[in-house]
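Throw the hints in and build the complete structure from the sequences for me.
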Amino acid sequence: AQTVTQSQPEMSVQEAETVTLSCTYDTSESDYYLFWYKQPPSRQMILVIRQEAYKQQNATENRFSVNFQKAAKSFSLKISDSQLGDAAMYFCAYRSAGTASKLTFGTGTRLQVTL
Amino acid sequence: ETGVTQTPRHLVMGMTNKKSLKCEQHLGHNAMYWYKQSAKKPLELMFVYNFKEQTENNSVPSRFSPECPNSSHLFLHLHTLQPEDSALYLCASSQAGRGATDTQYFGPGTRLTVL
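Line order of the protein sequences matches chains A and B.
Residue numbers in the first sequence follow my numbering, run continuously in steps of one, and reach 389 at the last position.
Residue numbers in the second sequence follow my numbering, run continuously in steps of one, and reach 443 at the last position.
What the hints contain is simulated information worked out from the structure, not anything from laboratory work.
The model shown is predicted, which means the values in this text are computed figures rather than measured ones.
Note that CB positions come from ideal geometry on N, CA and C, so glycine has one too.
Take these hints with a grain of salt, some might be off.
Unchecked claim - Which chain B residues stay away from chain A? Per the calculated CB distances, all over 12 Å, these:
id : residue
1  : ASN358
2  : ASN398
3  : SER414
4  : THR441
As the list claims (entries may be wrong) - Think about it this way: if two alpha-carbon atoms lie no more than 20 Å apart in a straight line, the pair counts; the simulated DMTMM-like pairs of lysine to aspartate or glutamate are:
id : chain 1 : residue 1 : chain 2 : residue 2
5  : B       : LYS369    : A       : GLU335
6  : B       : LYS364    : B       : GLU352
7  : B       : LYS347    : B       : ASP413
8  : B       : LYS369    : A       : GLU303
9  : B       : LYS350    : B       : ASP413
10 : A       : LYS347    : A       : GLU289
11 : A       : LYS329    : B       : GLU395
12 : A       : LYS352    : A       : GLU335
13 : B       : LYS368    : A       : ASP305
14 : B       : LYS346    : B       : GLU395
To be verified - From the derived model, a few chain A residues whose C-beta atoms are all more than 12 Å from chain B:
id : residue
15 : MET319
16 : THR334
17 : ASN336
18 : ALA345
19 : SER356
Laid out in structure tokens, this is it:
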């Protein structure tokens, strides 16, 4: 079974600074997908970024980028130019390559953004 | 927020009550999911429906009964719940199948409290 580990329960970053959230996972599969989701206090789980395991290039979405290290089974999220609206719980998630496969989530990292 | 909707947003019920949670997706997807989010625990998959057929039941107690009448609607029927079933119940949908991204998009959740 796959597992996802987020070792930082809480992180804090100053506005306009950069922060990196860590995620490691364990799997014996070679083809899979990794995601970062954001859950603000409103509870809506919002997709931040997605990475296909077969792609060597790290995914980027505006201020959000990942450092995907397949051999190390590491998938960290970097948030640049942090904004107050980035404050939320961030969840790392894994999905097998099969159709309609479940997401396996980590326990989350609460990100606080300070002025 | 209008892609996947859930009603009600909040529900308080006694252990002998029967209630239903509703999820509707407006994204044209063919797969729908129920997840449970409890305090201090990772999100757990409960059920997966692909083209209205249940493809996964993650050992969920029978007091939770899902129903998927069509690809746009998903219900979770609740009866004789326990206080430990109090949690946030999240619905998600995705476009599954060959060539599809199969990325899951979430609704805002139903906060359930069982007294």
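Going through the hints against the structure:
no.	hint	result
1	ASN358	8 Å, violated
2	ASN398	16 Å, holds
3	SER414	15 Å, holds
4	THR441	14 Å, holds
5	B/LYS369 / A/GLU335	28 Å, violated
6	B/LYS364 / B/GLU352	17 Å, holds
7	B/LYS347 / B/ASP413	13 Å, holds
8	B/LYS369 / A/GLU303	24 Å, violated
9	B/LYS350 / B/ASP413	17 Å, holds
10	A/LYS347 / A/GLU289	30 Å, violated
11	A/LYS329 / B/GLU395	37 Å, violated
12	A/LYS352 / A/GLU335	10 Å, holds
13	B/LYS368 / A/ASP305	29 Å, violated
14	B/LYS346 / B/GLU395	15 Å, holds
15	MET319	4 Å, violated
16	THR334	16 Å, holds
17	ASN336	17 Å, holds
18	ALA345	25 Å, holds
19	SER356	23 Å, holds
Hint compliance for this structure: hints 1, 5, 8, 10, 11, 13 and 15 are broken, all remaining hints hold.
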